[in-house]
Structures are given as C-alpha cells and as structure tokens.
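Undergrad: For reference, the chains in residue letters:
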Amino acid sequence: MAEMTYRNAVAQAITEEMERDPNVILMGEDVGRFGGAMAATKGIYEKFGAKRVIDTPISEAAIIGAALGAALTGLRPIAEIMFVDFMTCCMDQIANQVAKVRYMLGGQVNVPLVIRTQGGAGKSYAAQHSQNLEVWFAAIPGLRVVMPATPADAKGLLKTAIRSNDPVMVIENKVLYGEKGEVPDSNEYLVPIGKATVVRPGKNVTVVSYSRQLFESLKAAEICVSAGIDCEVIDLKTISPLDMNTILKSLEKTGRLVIVEEGHKSFGVGAEISAEIMEKGFDLLEAPVARVASLDTPIPFSPVLEKATIPNSDKIASAIKKLFTAA
Amino acid sequence: MNITVQQHEQMLQQMLRVRHFEENLYQMYLAKQVPGMSPHLSVGQEAVAVGVCTALDEKDYVLTTHRGHGHVLAKGANMNRMLAEILGKETGYCHGRGGSMHIADVSLNIIGANGIVGGGLPIAVGAALSSVYLNKNAVTVCFFGDAASNIGTFHESLNMAAIWKLPVVWVCENNQYGLSTSIKDMLAGNSIAGRGIAYGMPGYTIDGNDVLGVYEMAIKAVEYARSGKGPSIIEAKTYRWYGHGASDNRSYRTRDEENEWKAKCPIIKYADYLAKEGIVSKTQFDSMEKKTQEEVQAAIKFSNESPLPSPDTVCNYIFSETL
Numbered sequence: 001m002a003e004m005t006y007r008n009a010v011a012q013a014i015t016e017e018m019e020r021d022p023n024v025i026l027m028g029e030d031v032g033r034f035g036g037a038m039a040a041t042k043g044i045y046e047k048f049g050a051k052r053v054i055d056t057p058i059s060e061a062a063i064i065g066a067a068l069g070a071a072l073t074g075l076r077p078i079a080e081i082m083f084v085d086f087m088t089c090c091m092d093q094i095a096n097q098v099a100k101v102r103y104m105l106g107g108q109v110n111v112p113l114v115i116r117t118q119g120g121a122g123k124s125y126a127a128q129h130s131q132n133l134e135v136w137f138a139a140i141p142g143l144r145v146v147m148p149a150t151p152a153d154a155k156g157l158l159k160t161a162i163r164s165n166d167p168v169m170v171i172e173n174k175v176l177y178g179e180k181g182e183v184p185d186s187n188e189y190l191v192p193i194g195k196a197t198v199v200r201p202g203k204n205v206t207v208v209s210y211s212r213q214l215f216e217s218l219k220a221a222e223i224c225v226s227a228g229i230d231c232e233v234i235d236l237k238t239i240s241p242l243d244m245n246t247i248l249k250s251l252e253k254t255g256r257l258v259i260v261e262e263g264h265k266s267f268g269v270g271a272e273i274s275a276e277i278m279e280k281g282f283d284l285l286e287a288p289v290a291r292v293a294s295l296d297t298p299i300p301f302s303p304v305l306e307k308a309t310i311p312n313s314d315k316i317a318s319a320i321k322k323l324f325t326a327a
Numbered sequence: 328m329n330i331t332v333q334q335h336e337q338m339l340q341q342m343l344r345v346r347h348f349e350e351n352l353y354q355m356y357l358a359k360q361v362p363g364m365s366p367h368l369s370v371g372q373e374a375v376a377v378g379v380c381t382a383l384d385e386k387d388y389v390l391t392t393h394r395g396h397g398h399v400l401a402k403g404a405n406m407n408r409m410l411a412e413i414l415g416k417e418t419g420y421c422h423g424r425g426g427s428m429h430i431a432d433v434s435l436n437i438i439g440a441n442g443i444v445g446g447g448l449p450i451a452v453g454a455a456l457s458s459v460y461l462n463k464n465a466v467t468v469c470f471f472g473d474a475a476s477n478i479g480t481f482h483e484s485l486n487m488a489a490i491w492k493l494p495v496v497w498v499c500e501n502n503q504y505g506l507s508t509s510i511k512d513m514l515a516g517n518s519i520a521g522r523g524i525a526y527g528m529p530g531y532t533i534d535g536n537d538v539l540g541v542y543e544m545a546i547k548a549v550e551y552a553r554s555g556k557g558p559s560i561i562e563a564k565t566y567r568w569y570g571h572g573a574s575d576n577r578s579y580r581t582r583d584e585e586n587e588w589k590a591k592c593p594i595i596k597y598a599d600y601l602a603k604e605g606i607v608s609k610t611q612f613d614s615m616e617k618k619t620q621e622e623v624q625a626a627i628k629f630s631n632e633s634p635l636p637s638p639d640t641v642c643n644y645i646f647s648e649t650l
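Chains as they are written, first to last, in our numbering: chain R, 1 to 327; chain Y, 328 to 650.
Heads up, some of the hints might be wrong.
[Stated by the list, open to error] Distance condition first, Cα-Cα at most 30 Å in a straight line; then the derived DSSO-like pairs of lysine-lysine: (1) R:LYS280 x R:LYS253; (2) Y:LYS463 x R:LYS47; (3) R:LYS307 x R:LYS322; (4) R:LYS307 x R:LYS249; (5) Y:LYS492 x R:LYS42; (6) R:LYS280 x R:LYS307; (7) Y:LYS589 x Y:LYS617; (8) Y:LYS589 x Y:LYS556; (9) Y:LYS589 x Y:LYS511; (10) R:LYS47 x Y:LYS618; (11) R:LYS47 x Y:LYS511; (12) R:LYS51 x Y:LYS492; (13) Y:LYS556 x Y:LYS492; (14) R:LYS219 x R:LYS203; (15) R:LYS51 x Y:LYS617; (16) Y:LYS511 x Y:LYS386; (17) R:LYS123 x R:LYS51; (18) R:LYS249 x R:LYS123; (19) Y:LYS463 x R:LYS51; (20) R:LYS51 x Y:LYS386; (21) Y:LYS386 x Y:LYS618; (22) Y:LYS556 x R:LYS51; (23) R:LYS307 x R:LYS253.
[Stated by the list, open to error] Label pairs and their calculated CB-CB ranges: (24) Y:SER647 x R:ASP283: 58 to 64 Å; (25) R:LEU305 x Y:LEU635: 27 to 33 Å; (26) Y:ASP512 x R:ASN96: 26 to 32 Å; (27) Y:SER507 x R:LYS42: 51 to 57 Å; (28) R:PHE267 x Y:GLU587: 28 to 34 Å; (29) Y:GLU550 x R:GLY178: 49 to 55 Å; (30) Y:SER637 x R:LYS42: 25 to 31 Å; (31) R:SER318 x Y:SER574: 56 to 62 Å; (32) Y:SER647 x R:PRO184: 25 to 31 Å; (33) Y:ASN643 x R:ASN245: 43 to 49 Å; (34) Y:LYS492 x R:ASN96: 26 to 32 Å; (35) Y:GLY555 x R:MET91: 29 to 35 Å.
Note that these hints are calculated values from the structure, not bench results.
Quick reminder that beta carbons are idealized off the backbone N, C-alpha and C, glycines included.
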C-alpha cells in the first residue's frame, strides 16, 4: 500500500499495463509530452516514447475511430477524451461503431478498447465542461461504464478495463484527481467491473452513490448519525451493468433507499435503479425510493449557482431524514 | 503495365460476380424476399471495387460502406454467406445480426462495413496505425462515397493519416449523388481528390468505369503507402445505375443522364477491350457469365435453405466476456 493521489493512481495503472503488454498504447489530446490536461498521464510519455503515447490533433471522432481500428487489428488502445462533454463530437464512433461492431459482425471481432475521460461539476467550469453524462453511455448496449471514486479504484478499475476484451468507458472525476488514498502496490490489483461495494455498513437506510458524490453521501451519513439514522453507503463503481444484487441485499436489511448522483435527475441512474427496485425489490420497501441529483438545468458558472444545482452532503442528509419523518 | 491473361480473366469474373449478385438481389427485393430497407446497389460501379481490390494482398485491410457488396466480393468473400446475411439467416457472415450494410469477412481483413456515412474513415486510420506498430506492412483501403467528403470524419481522418504518414489509400467512389442530391450542388471546390491534396497527400481523379485505369492507379497508391510514404486519395468518377436504394424512383435525375452512363458500362467496356486484344473471347465471356450465374443461383439456394437464427441467441455476440 502507498498513499497517492487519484491522478497518480491513474498514471500508475496505465504504466503498469503498458509494461505488462507491449500492445497497449495511449492516445489523445495532450496526453504525451504535456502529461494530460488533468496531469493524469504525467511521466508516461517519458517512459514509453512517442510510438506508444500518441498526441493527437483535436479530432475526437478520429481519436475514438482510430483507437477502434487499432483495437480491431491487434492493439489494446487507451483513448483519452479530455472532457466527457466533448463526447458529443465522437458520439457516432462510440454509439454506432465501438459499441456495435462486435454484434453487427456476429462476433467476428473483439474490441479491447478503453475510453478514458473525466466529468463532474464543482469547479465552476460552466455548462460545457462540468457535465455528468454517464447515462448516455449506459443506455447503449455493448458498452461498459465504470466511475471510480477512490484512488485505489481509479487504479484497479482502469487496469481491469485495459485487460478486458470488450470496450469499457472509464469516467474519472475532475474534482477527485488531487484526492489521496491508499493504493495497493500490486501489479495484479484488479477491481472487478460490474461489482458494487458496501463502503459504510448500516442498518436503517441504503444510500447508493458513485464517483465524487460517494464522498458527499458518506458525509451525509455522518450528519444523520445525530438523528439516530444509521446509513449503509454503497459505492456503485460500475454504472453499466448495474450491480443490483448488492443493492437488493442491502435493501433487505434497511428497507429504505436513497440514490445519489451528480447527473441530472430526469432519466438518470436513480431513475433506472428505482425502476429495477420496482421490478425486483418492491416488497422490501418500507418507504418510497428517494433520489438526490442535479437539477435539470445546464450546469451554471457562478459558484453560488453551481452549488444550487448539484447535490451535496446537506441535500443528501435532508433527503435521508425525510424518509423517516414522512407519515 | 504487365497484366497476365489470368489476371484479366479474374478481374472480369469478379466484375461479373458483383453485377450478377446485385442484379439478382434487386429482383429478390422486388419479389419481397429481402427483409429490411432496400439494399444499396453498386451496379455500374464494379470497376472501382475490382480494380482496387485486385491491387491488394490478402493481409491488406478494407473498410467498406453501406454500398459495399462489390468491395466485399472483390476482396474474396463467399457469396453464399453474403446472401444468407442479407436474408437474415444464421449461416450469414454475421449470423443475421448485420444484414446488407454490415457484411464483412474479418478473416479476409475486411474489418467493417458501415451504415454511417463517413463512419469507417477514422477506423481506417487505426488499422493503418496498428499495421505500422506491429510491422505487418499491410495497407488499409477505405472506400467511401462522394457525400462522405462533406462529413467531419473525412477531414479529421485524412489529416490524421497525413500527419502520421500512415499506409492508407482513401478511395472515393464519386457516383455523383448523395441519395437525391447531386454532388455538383453539394461540393465546394469541385474536387474531392483536391481536398486530399490540401491535406498534403497525392490526390488523383480518375475514370472509375475503367477497371484497368483503376487497377493501375491503385497499384501506384498501394505501393506508395506500403513503402512508408503515407496516404493518398483516389477519386474515381462513376455512376450508380439504380437509386440510392432499390426502391428509389430517381426523380432527381433524368433517364437521358442514366443512359449516358450506362453506355459507359465498365463491364462491357472491359469485355470489348479484352475481345479486341484477343485476351478473352466472346465465347469465353459467355461461359464466365454462365459460371457466375450458377454461383449466384447456388447462393440463392443455399440462403433460402439456410435456417433462421434462433431467437434464443439474440443476446449472443454483444460482449466477448461475461462478467
């Protein structure tokens, strides 16, 4: 174990996997000499050189398409898109090509491709650099979507994604890059895709979250202690496919569920989990499912407006407490 | 250019295979035997597919389009499995998951057939990149239509291939129309090859109905790519005899215009040349046509007799690994 930042954990995962497999390459805007716009690929170019760490033009569609073409013909590319907001520029390549090519060709190909990006609000980057768009990708069959919250998961999920023979979108969080945590040293530290984890055991209510809002949820759980509410907090880690088993098992114990996400409330992760609960866990519910999410507005610039838009621990704590005060 | 008698025969045979495959497919579509949208036929454009693919090695990559039957056949695909795919059968190349627009045989290094205009161009960049990285010495040919030169991926991909000097041959089949719109009304600058030249690569505009001219051009561009000099673009001017799809009534153009192009039929033009030069006689041509018709009829029989995919298998092939 070593304490390191989330961004260094990302760099360590990429470095280890590039050392392990000579066919792993890294490509994207400013990922090489500059070390990445979020400094998450620092030192990788110096170690592996321009052949394996490829600075690209600002051509998002061609970055993803080229990575796909390379993945279809023997390489294992990691393609970085600087902000998840820029996925709009390569959505065809992701939605119509990457996600579908294996199926359309009847299994003739594998797609060992990782798309790395970062999202999230909280830094006053305004409407085109702050979004949480995971549900766009989760809605596409053929893609897996992971969102690490801790440095350990930033390493372990990314390593698993790089070794996967199927396309995985790894959405990191811009606010978390500087956060520190214990990260296992092992080259074989792999966090499974599709598995959620109970990060805070509790007995009264299940709070499901992921990425940065996991930490707001954990703070909310502490706020609720004084109200006599013992929260069980689950880190989803993978958005698609959802690990409903872990959520249902927790709900059996608590009977109450709050879903916290930083994306917009409408058509969100919370909506999907709620629907799953209606189908698979309705009888477990002692109260209606609650959702805490961003308002259905573009993310505003002014810090005071942004704060009003996105969830935080106080908003989450209120939503939790409300489940115990309603008639 | 030295072309053996056998090579001439092969090219002519391949052009006939494309022509008869699609003419029969058109009849099957009219007889309502083909599910889905009307197939996109390349009748009239056979010289481009055959001229280019004849210049390739098996290891070379090909990316094709929604109008791709000719490219796939010319690269060596099996007609039975192609037609079975178009009919949605289990024995098709994609086990019925793809249909007419997504036929590819990856074992022949045809790595994609795209229903999105311009969708294949960036993928070609990646195939070329990996060929260089892995020292395969393979060239990647990316076919696309005239209308694809107006989509962003065309520009992103040509630029990327050029800055990295990748072994790509961009082959634009300029068949004059993007569905109903004439390229004359849609193309600023009047030259698709010229757009490639603007990205610093050699660009050539050629007669796409002259198979020998296409072949000669392709040999040059493929050699240029294989020797590490980088990409080039070939704009082959041709014409699709049918509409965008087989159901299109072609109200946007005149029958006179169509007849002018039909008079420039690439197959008749080539067969006449070969007869005149004493390379392939009229009798030989007739027997080649007969052989091709037999192959198509066998494919129709094979496809009709093939089983449909089982609905129980509908979720197969989404991912290679279960979690």
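Undergrad: Evaluate each hint against the coordinates.
TA: Consistency of the hints with the structure:
no. : hint                            : verdict
1   : R:LYS280 x R:LYS253             : holds (15 Å)
2   : Y:LYS463 x R:LYS47              : holds (25 Å)
3   : R:LYS307 x R:LYS322             : holds (21 Å)
4   : R:LYS307 x R:LYS249             : violated (33 Å)
5   : Y:LYS492 x R:LYS42              : holds (27 Å)
6   : R:LYS280 x R:LYS307             : violated (34 Å)
7   : Y:LYS589 x Y:LYS617             : holds (22 Å)
8   : Y:LYS589 x Y:LYS556             : violated (37 Å)
9   : Y:LYS589 x Y:LYS511             : holds (20 Å)
10  : R:LYS47 x Y:LYS618              : violated (59 Å)
11  : R:LYS47 x Y:LYS511              : violated (51 Å)
12  : R:LYS51 x Y:LYS492              : holds (13 Å)
13  : Y:LYS556 x Y:LYS492             : holds (6 Å)
14  : R:LYS219 x R:LYS203             : holds (17 Å)
15  : R:LYS51 x Y:LYS617              : violated (52 Å)
16  : Y:LYS511 x Y:LYS386             : violated (37 Å)
17  : R:LYS123 x R:LYS51              : violated (34 Å)
18  : R:LYS249 x R:LYS123             : violated (35 Å)
19  : Y:LYS463 x R:LYS51              : holds (15 Å)
20  : R:LYS51 x Y:LYS386              : holds (22 Å)
21  : Y:LYS386 x Y:LYS618             : holds (28 Å)
22  : Y:LYS556 x R:LYS51              : holds (17 Å)
23  : R:LYS307 x R:LYS253             : violated (33 Å)
24  : Y:SER647 x R:ASP283: 58 to 64 Å : violated (37 Å)
25  : R:LEU305 x Y:LEU635: 27 to 33 Å : violated (56 Å)
26  : Y:ASP512 x R:ASN96: 26 to 32 Å  : holds (27 Å)
27  : Y:SER507 x R:LYS42: 51 to 57 Å  : holds (52 Å)
28  : R:PHE267 x Y:GLU587: 28 to 34 Å : violated (53 Å)
29  : Y:GLU550 x R:GLY178: 49 to 55 Å : holds (52 Å)
30  : Y:SER637 x R:LYS42: 25 to 31 Å  : violated (51 Å)
31  : R:SER318 x Y:SER574: 56 to 62 Å : holds (59 Å)
32  : Y:SER647 x R:PRO184: 25 to 31 Å : holds (27 Å)
33  : Y:ASN643 x R:ASN245: 43 to 49 Å : violated (23 Å)
34  : Y:LYS492 x R:ASN96: 26 to 32 Å  : holds (28 Å)
35  : Y:GLY555 x R:MET91: 29 to 35 Å  : holds (34 Å)
In this structure, the hints that do not hold are numbers 4, 6, 8, 10, 11, 15, 16, 17, 18, 23, 24, 25, 28, 30 and 33, in rising order.
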